[in-house]
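**Q** Letter by letter, the sequence shown follows residues -18 to -1, 1 to 372 of mature numbering (1 follows the signal peptide of the UniProt record, and there is no 0).
A portion of the hints provided could be inaccurate.
List time: in silico DSS-like cross-link candidates among lysine-lysine, alpha-carbon distance up to 27 Å [stated by the list, open to error]:
{"no.": "1", "residue 1": "Lys8", "residue 2": "Lys263"}
{"no.": "2", "residue 1": "Lys127", "residue 2": "Lys81"}
{"no.": "3", "residue 1": "Lys204", "residue 2": "Lys102"}
{"no.": "4", "residue 1": "Lys23", "residue 2": "Lys309"}
{"no.": "5", "residue 1": "Lys206", "residue 2": "Lys259"}
{"no.": "6", "residue 1": "Lys259", "residue 2": "Lys282"}
{"no.": "7", "residue 1": "Lys206", "residue 2": "Lys218"}
{"no.": "8", "residue 1": "Lys245", "residue 2": "Lys161"}
{"no.": "9", "residue 1": "Lys102", "residue 2": "Lys127"}
{"no.": "10", "residue 1": "Lys8", "residue 2": "Lys204"}
{"no.": "11", "residue 1": "Lys105", "residue 2": "Lys130"}
{"no.": "12", "residue 1": "Lys23", "residue 2": "Lys262"}
{"no.": "13", "residue 1": "Lys105", "residue 2": "Lys259"}
{"no.": "14", "residue 1": "Lys204", "residue 2": "Lys218"}
{"no.": "15", "residue 1": "Lys105", "residue 2": "Lys218"}
{"no.": "16", "residue 1": "Lys23", "residue 2": "Lys263"}
Pair by pair, the computed Cβ-Cβ distance ranges are [stated by the list, open to error]:
{"no.": "17", "residue 1": "Tyr362", "residue 2": "Val242", "range": "36 to 46 Å"}
{"no.": "18", "residue 1": "Val242", "residue 2": "Lys102", "range": "35 to 45 Å"}
{"no.": "19", "residue 1": "Val270", "residue 2": "Leu173", "range": "27 to 37 Å"}
{"no.": "20", "residue 1": "Gln145", "residue 2": "Ser215", "range": "12 to 22 Å"}
{"no.": "21", "residue 1": "Glu224", "residue 2": "Ser364", "range": "21 to 31 Å"}
It should be emphasised that the hints constitute simulated quantities derived from the structure, not laboratory data.
Treat the numbers as computed from the prediction; the structure is a model and nothing was measured.
Using N, Cα and C, we set each Cβ at its ideal position, and we do this for glycine too.
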Amino acid sequence: MKNKITYLVFLLWGMLCACTDSSFIKQGNVLNLEMAMHTEKQIVLSDLCDSLECIPLETNDSSLLGNRAYLSYADEQNLFIMSNNVLYRFSSNGDFLNKIGRRGNAPGEYNRAYSISADKERKCFLYYIGQNKIQFWGYDGEFMKEIKLQDDGELTAVNILGQDQIIAESRTYSDNGLKIDIDIFNQEGELLKKIPICEDEQTVSRSMHTVPILYHARDTIKYKDINGDILYSFSKNSYDREWVLNLGGYAPSREVLENVAQKEALMRDFAQLVDIKETKKQFYFLIVHDNTLRGIIANKETGHLEYNQVINIPQMGGGLKNDYIDKSCFWPSFVSDSDEMYCLLPVEKMTTKGKQDVERHTSSTVNLLEESNPIVLKVYTSPIRSASEL
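Hey, can you work out the whole structure from these sequences and the hints?
**A** Laid out in structure tokens, this is it:
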């Protein structure tokens, strides 16, 4: 009898610990990001990967990148870096190959690329240039064509869905509120399907432009609208409400999101999920709250929070501590279908030891100068340690 009582005490204690474990943020398909934001967790890059490779990018007058460049896409042969609204194409060894895109007002030019996506089968990029117009550019930098997507709504983000379809978020604003749909088009811009997402009856002062999250993850496109908490997964023939990303009391209303008069309150009192990167096992979230940027890593399989810290902007070298390279950080800018993660490492603030560390992870000797292009970090992921080991 005494043994049974002892067993029950330990069982209840274990259940209590599980219920109060603030690092466990998953219930079903719901991730409690509000709880995650209150729980500080720290790891370093070696906890996430087996190894990394450093790829210096060729620096010359034609290939010099701007201060806020970011790696947009990579495959086995190429690295594509976005800088000043133009893609720069480098080989997998860092040799500069060509630019993709041309800014201007003439045919075959654009003022701004609001979103870009890669068609790896046709070896081209789709640029969404606003006013429901898209352009296609080949990997070689040649302009292919411009079309207008046949939609009565306001398109905010566009991506490639499979080899012959295009996916976009469409918003219809009226005196009665907002209606959001996901629209599917063919390669000629003809509307094939309209999928209702949400609608409201709020009359809002639209003085601040907002964009959804729309990104590629292996064979699917993931989507989250501006003020909903559902992360959708779209494939060519189906879609699913895959995750609920719950910000709880930090979730802003559309009145707060779209009214510039509410910007101070939005940045201070609410949380904005501004970016998601995804590996097979982890989510990498960027959340703006209290005028700071938080990096959060959550394990999709175990439901555990693995990292939560205030970080600097990743495009300026911010992220979690990179213990492979002195005084540097890492945050994924792109994740490949094989789960390799990429980011750029600025050179201008790199320490002497950091430069030595970089050379140990390159295939050749490099001369890194303050004005050199950033280093591409290619990270080979590994299973993270169990929660009890962290």
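**Q** If a hint holds in the structure, say so; if it does not, say that too.
**A** Comparing the hints with the structure gives:
no.: 1; hint: Lys8 x Lys263; verdict: holds (13 Å)
no.: 2; hint: Lys127 x Lys81; verdict: holds (17 Å)
no.: 3; hint: Lys204 x Lys102; verdict: holds (17 Å)
no.: 4; hint: Lys23 x Lys309; verdict: holds (19 Å)
no.: 5; hint: Lys206 x Lys259; verdict: holds (13 Å)
no.: 6; hint: Lys259 x Lys282; verdict: holds (12 Å)
no.: 7; hint: Lys206 x Lys218; verdict: holds (18 Å)
no.: 8; hint: Lys245 x Lys161; verdict: holds (23 Å)
no.: 9; hint: Lys102 x Lys127; verdict: holds (17 Å)
no.: 10; hint: Lys8 x Lys204; verdict: holds (19 Å)
no.: 11; hint: Lys105 x Lys130; verdict: holds (21 Å)
no.: 12; hint: Lys23 x Lys262; verdict: holds (21 Å)
no.: 13; hint: Lys105 x Lys259; verdict: holds (23 Å)
no.: 14; hint: Lys204 x Lys218; verdict: holds (12 Å)
no.: 15; hint: Lys105 x Lys218; verdict: holds (19 Å)
no.: 16; hint: Lys23 x Lys263; verdict: holds (17 Å)
no.: 17; hint: Tyr362 x Val242: 36 to 46 Å; verdict: holds (43 Å)
no.: 18; hint: Val242 x Lys102: 35 to 45 Å; verdict: holds (39 Å)
no.: 19; hint: Val270 x Leu173: 27 to 37 Å; verdict: holds (34 Å)
no.: 20; hint: Gln145 x Ser215: 12 to 22 Å; verdict: holds (18 Å)
no.: 21; hint: Glu224 x Ser364: 21 to 31 Å; verdict: holds (24 Å)
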